[in-house]
Each structure stands twice: as structure tokens, then as C-alpha cells.
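Trainee: Following the hints, put chain B in place on chain A, whose structure we already have.
Quick mapping for you: the protein sequence lines, in order, are chains A and B. Position in the first sequence (first residue = 1) + 81 = the working numbering. Position in the second sequence (first residue = 1) + 81 = the working numbering.
Rather than coming from a laboratory, the hints here were simulated on the basis of the structure. There could be a bad hint or two in this list.
[Said to hold, decoys possible] Derived DSBU-like pairs: lysine-lysine, alpha-carbon spacing no greater than 35 Å straight-line: (1) B:Lys268 with A:Lys348; (2) A:Lys335 with B:Lys348; (3) A:Lys385 with B:Lys392; (4) A:Lys157 with B:Lys385; (5) A:Lys385 with B:Lys214; (6) A:Lys385 with B:Lys355; (7) A:Lys341 with B:Lys341; (8) A:Lys335 with B:Lys385; (9) A:Lys355 with B:Lys231; (10) A:Lys214 with B:Lys214; (11) A:Lys348 with B:Lys348.
[Said to hold, decoys possible] Below, a sample of chain B positions facing chain A; criterion: calculated Cβ distance under 10 Å: (12) Glu265; (13) Asp266; (14) Leu342.
Bear in mind that the values here come from a model prediction, so they are computed numbers and not experimental data. Each residue gets a CB set at the ideal place from its N, CA and C atoms; glycine is no exception.
There are 2 protein chains.
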Amino acid sequence: VRLALDAMGGDHAPDAIVPGAVLFAQQFPAHQVILVGDEARVRPLLGANAGLTNLSVRHASEVVAMDDAASAAIRKKRDSSLRVCFELIRQGEADAMVSAGNSGAVMAGALLVLGRIRGVERPAFAALFPALKGEGRCLLLDAGANVECKPSHLAQFGVIGEAYVRSLLGVARPRVGLLSNGEEDSKGTALTRDALALLRKSDLDFLGYVEGKDIFSGDVEVVVTDGFTGNIVLKALEGSGMAFAGLIRTAVEKAGVSEKLGALLMKPTFAAFKRMVDYAEYGGAPLLGVDGVGIVAHGRSNPKAIKNALKAALHTAEARLTQEIAGSVQRAAAWLPPRGRGAEPEA
Amino acid sequence: VRLALDAMGGDHAPDAIVPGAVLFAQQFPAHQVILVGDEARVRPLLGANAGLTNLSVRHASEVVAMDDAASAAIRKKRDSSLRVCFELIRQGEADAMVSAGNSGAVMAGALLVLGRIRGVERPAFAALFPALKGEGRCLLLDAGANVECKPSHLAQFGVIGEAYVRSLLGVARPRVGLLSNGEEDSKGTALTRDALALLRKSDLDFLGYVEGKDIFSGDVEVVVTDGFTGNIVLKALEGSGMAFAGLIRTAVEKAGVSEKLGALLMKPTFAAFKRMVDYAEYGGAPLLGVDGVGIVAHGRSNPKAIKNALKAALHTAEARLTQEIAGSVQRAAAWLPPRGRGAEPEA
Numbered sequence: 082v083r084l085a086l087d088a089m090g091g092d093h094a095p096d097a098i099v100p101g102a103v104l105f106a107q108q109f110p111a112h113q114v115i116l117v118g119d120e121a122r123v124r125p126l127l128g129a130n131a132g133l134t135n136l137s138v139r140h141a142s143e144v145v146a147m148d149d150a151a152s153a154a155i156r157k158k159r160d161s162s163l164r165v166c167f168e169l170i171r172q173g174e175a176d177a178m179v180s181a182g183n184s185g186a187v188m189a190g191a192l193l194v195l196g197r198i199r200g201v202e203r204p205a206f207a208a209l210f211p212a213l214k215g216e217g218r219c220l221l222l223d224a225g226a227n228v229e230c231k232p233s234h235l236a237q238f239g240v241i242g243e244a245y246v247r248s249l250l251g252v253a254r255p256r257v258g259l260l261s262n263g264e265e266d267s268k269g270t271a272l273t274r275d276a277l278a279l280l281r282k283s284d285l286d287f288l289g290y291v292e293g294k295d296i297f298s299g300d301v302e303v304v305v306t307d308g309f310t311g312n313i314v315l316k317a318l319e320g321s322g323m324a325f326a327g328l329i330r331t332a333v334e335k336a337g338v339s340e341k342l343g344a345l346l347m348k349p350t351f352a353a354f355k356r357m358v359d360y361a362e363y364g365g366a367p368l369l370g371v372d373g374v375g376i377v378a379h380g381r382s383n384p385k386a387i388k389n390a391l392k393a394a395l396h397t398a399e400a401r402l403t404q405e406i407a408g409s410v411q412r413a414a415a416w417l418p419p420r421g422r423g424a425e426p427e428a
Numbered sequence: 082v083r084l085a086l087d088a089m090g091g092d093h094a095p096d097a098i099v100p101g102a103v104l105f106a107q108q109f110p111a112h113q114v115i116l117v118g119d120e121a122r123v124r125p126l127l128g129a130n131a132g133l134t135n136l137s138v139r140h141a142s143e144v145v146a147m148d149d150a151a152s153a154a155i156r157k158k159r160d161s162s163l164r165v166c167f168e169l170i171r172q173g174e175a176d177a178m179v180s181a182g183n184s185g186a187v188m189a190g191a192l193l194v195l196g197r198i199r200g201v202e203r204p205a206f207a208a209l210f211p212a213l214k215g216e217g218r219c220l221l222l223d224a225g226a227n228v229e230c231k232p233s234h235l236a237q238f239g240v241i242g243e244a245y246v247r248s249l250l251g252v253a254r255p256r257v258g259l260l261s262n263g264e265e266d267s268k269g270t271a272l273t274r275d276a277l278a279l280l281r282k283s284d285l286d287f288l289g290y291v292e293g294k295d296i297f298s299g300d301v302e303v304v305v306t307d308g309f310t311g312n313i314v315l316k317a318l319e320g321s322g323m324a325f326a327g328l329i330r331t332a333v334e335k336a337g338v339s340e341k342l343g344a345l346l347m348k349p350t351f352a353a354f355k356r357m358v359d360y361a362e363y364g365g366a367p368l369l370g371v372d373g374v375g376i377v378a379h380g381r382s383n384p385k386a387i388k389n390a391l392k393a394a395l396h397t398a399e400a401r402l403t404q405e406i407a408g409s410v411q412r413a414a415a416w417l418p419p420r421g422r423g424a425e426p427e428a
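Bound-form chain A, shown alone:
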């Protein structure tokens, strides 16, 4: 598998990105990484690893900045590292891409260069959370791509998310829930109530409304919401993980000798805890619904996070997720008529 990596995207690019590519290339000698970016800045960072035969550099003269207007930047900066990653996929020179850059620009680039999978109304970002029991994972989507959604978009997120969890996490029949402010059908907004009615007609294992606490419960594998709510929830949970770790750290610092010894003895548990709440372990958010494999890594990604995002891209490409989603969306046309051709409740 050939992976295009945006060497210039992210808060610590290219310094944190290139070592991440090296880590991956060393661990997966059978797969290729193409570092896309300013050759004059990228090559020196390779150092002694310049000889890795599965690591190459593809020069790109421009950079999409974190604060660029997403759509305009991707249109104008035709030789930006981000856009070139997508062009490599389109030209058949890469099978997947990874960027830690401006997530809006990543989605804009995917839409402009790769386009949507046939039948997909709105591609979405997805975020994976740890769950206490059950399959141990929960996929939340949309995590930020579509701020304003229609009921049919939410219903389709359920279809797309189910395809991801089935093919990537190996869950035979993922349970799908619609995020709301209560479990009763009378709860929610006009948007969620119309989406609820649509999803009740689906052939998914649909649980109806679920609440924020269910994300970690292990009782549901796919949680559907609009990109505004999803992004807020994602960042609130990220913040809570950091806050809880910080609370424990501060408490230990202030504590006496015996507690400090206790903390030392508990190091393996804290390491496991940190792995579980650490975004770096999860390897970024997949773009779901675009016609190609793209992974958005966290802007603050360190080399390990980049390595894990490349691993996620590798597994996603190998799982043939794009074909899987295309099939699911086509089958869903039986209860979710394609836009413009069938009756849509939000008309």
C-alpha cells in the first residue's frame, strides 16, 4: 500500500511529521510512504533514514495554513502539499493520504479532487472513542465536517458509520444510535426527530435515541449526530481526558511520600489509562464518504500520532472501505431514497 503524507500540515510540521513517517516506514517495510512537501525542509529531517527504500519525497511548493479559508486555499494553492496528496490518489500513485493540517481544508481537498462516493450526500469526519465493555469502541460521526445537516444526512451517517465499524473493527452487526438529549422519542430537535423517523425505517440495528453517556457505555458502536454537536462533544471529551489526567498529576505532586510511592507503583495503570484517552493512540479521524481514503491526524500530532495515523490509513485502505461504503449506501436506497429522486421528509 502507498500512503501520501502531508509533510507540511500540523502545528509541528514538518518537524514532527517526518519522524512519524520514519517510524512507520521502519515498522512496515512492505508499505510505501510518500512525504509530500517542501523538499528543502523535508529532506534534512530524514538524516540517517534517507536510505529507507520505502520512504520517498515528492516536492510541493505551497502550504495550506491552519488559518487559511479551507475551500479557497485548496482551490488556489494547486501545488500545496495537501492538494498534491489528493492528486496522487486521483492519479493512482497513492492508495490513501494522511494530513495533520487544517481539517476543513482536508475535507475541501477530498471533495474537490476525489469527489464523493456515488450516492453519498455529505461526507463526514468520524471519531473513535474507547468504550468500557461490548466491542470496546464507539464511532461518533459527524465529528465536524457538516455544521448544518438535514435529516437524510444524519440517516446516511448511520449507514456510513455502520459500514466503517463492520469492515474496520470487525463487528458483525454494529448497533447504531442517534445522539439526543434524552431517550424518549419526544426528545430532540425537529432535525433529530425527522432523522429518527428515517432511521426507524432502516435495516440497521438501530437503537433510537442515545445520550452522551452512551458513547462510553459499550452499548452502541455507531453514534450519529450533526457536525456542530459532534465537534463540541469530541473536544469536550478530549478536554475532560486531559483534565482528569491533570487532576491526578497535581494531586500526586501535592501528596506525601507514601502516595508518591503509590503513584510510582501504579505507573503501568496510568500508562494504560493515558493510552486509552490519548488521541495519539487512535491515529486520527477518517474522512467517510469521499471517494478515497483520507485520515485527519490531530493538529498537535507528535511523531507517534503520525505513525498511528499512517497505520490507520493502511488498515482503511486494506479494508476496502470505499467499496464497502458504496455498497451500503446503494443498499440503503431501499429506505433512504437518493436525493432529488425520492420523497425526502425535509423537502
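Mentor: Structure of chain B alone, referenced to chain A:
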């Protein structure tokens, strides 16, 4: 101060409620608790504490169930324990009330019996979170009362929340933020962008958009959002606290002797951590904007949670919050014209 306590509201009512009232009455002999509910069920639970002079029982023959339709139940069940709590406030026999019952019914009861503070468009539920630094607390509102909001509602939540944090937490000039999916003004929905424009005209210390991670950062004391998003965030964070505690517990159970010893030595830290993430410590969500003091305790409240909710009601009544909010809303009329009389952007 005289506190009316809904003895019949909550998942474990009246069994968990009455002991909570006893705990409070013992700790605060200068204040009165009126247990409102089915006398035949409440009195036996008092046992040896029936002699407490600051604890009385007021019989109410009906109960609002957790799954009752909120508004209808409060209208029809005129002798329900919940409604009687509000009637006691209205008749001047109580200064504040606490219920662990159906939160929708609590709000409906407050609106029907007490009404809104003059000038308040929509009362809200508020939720308090721990923050790592700064003032150590962050108030999120609306946490679930108003699923569909207008820009002026969100702007007024900022005013009401600021008054709460100023008078209850003693923060001289609370910072107010509007919850969104990114910090740039271009982010958010049509609703949040209009609310952003309104709040920029305010005399509050308004930071603009804040993100989910900022709730715990200590960089903002009041976070404003609609009741749909707020309720989802509240429950997601509650779920994450339980999940993190569960992860550590499971890891320790599976670990070797030295780690188990470490966990034992760290007991004080874990206790502090648990206090910080435990809703029971916070004493419930205040109703803000209704003409009286009401506290909604968690449905799963244990006696300690009820005691803390009574403490919160006591402090709120003593802080004269209702008058404080009335003054703030009146002053805000300079930039937030009262509904129906001034130009409203959402017209």
C-alpha cells in the same frame, strides 16, 4: 432559610431522599427542611430522627413520575409533591426547593407556579464543572431546558450565568464564552453566529466562541449553549468521568501485587478525583431565570447528593440570586432589548 424538598422525586425516592434531609438537618440546625410527600411513606423513614425540630413533613397525595409528560403532569397533579414544593414558595412558606425528579416537570412546575423573573425570556438549567486552574469552576447553560433556542435566548443565558457565577462563586468579573465548533467567528451555526453578534455588543467580559475543551481549562467561567447541545455535553462528560474511573478500577483489579499496593497508597488522591468528577458533590443543577430558587438533583441521587443539593439551595437563597439576575437582565436591556419591544435579529 426554609427549604422544601420533594420527597417523592428521584429513582430512589423516598428511600434515598429522606436520609439526605436528615443529614442536612443535623448539619444545619439553624435552617428548616420541609419534606413534601406521602406522609405514610415518608414518616417511617425518619425513624429515630423524627424528633429533629428543623425537619417537618408536609403531606402531598400525588407523585409526578419520571416518565410523565412534564407539563401535563404538573397541571393535572395539583397535589403532587413536586407542585406543592413550588406552592410553598409562592405562599411564602419556603424560600427554595429541591427535587431529584423529572427535570422537565421541575422546570414546568417552576414556570407554572413561580413564573419567570421579569425580563427573562427563557429560564435555563445550569451545570457546574470542575476546572483545572483559574477560578476552578465553569458553569454551562442551558444544560437541557430549552432544546430550540433563538439568538436572544443564548445572549440572555450569558447574562444570567454571569450573575450566578458572580454572586454564588464570588468571581468579580466572570468570563463568558459561546460554545461552538471552533474559535473563528466564521464557525458555528446561523444561531450561534447571530448570538455571537449580540453578545459582542454586551457589557460582559465576552470571549467570543469557545470550544468543548475550554470547559475544563479554567480560561472561562460561563459557557453558553442551547439546551440540546448542553444536555448532550453534560451527559457525555458525566459518562467520561464514570468511564475513566472504571478504566482505572479494572486496570488495578487485573494488576499485580505492587500495583494493588500502589492503588492503596493512592487512595486519598482517588478519593479527591472521585469528588471532583462526582455529580453528588456538586449538589444538582440550579434553575436560572425562574422567580424563586429551585435545584434539580440527579435522578440517581443518594442521601449525600440530596444533602449537597439542599446546601446548594441554601447558598443560592442566601445569595439572593433571584434579585441579582433581575438586576442583570434589566441592565442588559441596554444592548439586549426586551422581546417584542426592540429590534431582534431573529425577528
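Trainee: Look at each hint and say if it fits the structure.
Mentor: How the hints compare with the structure:
no.: 1; hint: B:Lys268 with A:Lys348; result: violated (40 Å)
no.: 2; hint: A:Lys335 with B:Lys348; result: holds (14 Å)
no.: 3; hint: A:Lys385 with B:Lys392; result: violated (48 Å)
no.: 4; hint: A:Lys157 with B:Lys385; result: violated (61 Å)
no.: 5; hint: A:Lys385 with B:Lys214; result: holds (29 Å)
no.: 6; hint: A:Lys385 with B:Lys355; result: holds (31 Å)
no.: 7; hint: A:Lys341 with B:Lys341; result: holds (14 Å)
no.: 8; hint: A:Lys335 with B:Lys385; result: holds (27 Å)
no.: 9; hint: A:Lys355 with B:Lys231; result: violated (40 Å)
no.: 10; hint: A:Lys214 with B:Lys214; result: holds (33 Å)
no.: 11; hint: A:Lys348 with B:Lys348; result: holds (15 Å)
no.: 12; hint: Glu265; result: holds (8 Å)
no.: 13; hint: Asp266; result: violated (12 Å)
no.: 14; hint: Leu342; result: holds (6 Å)
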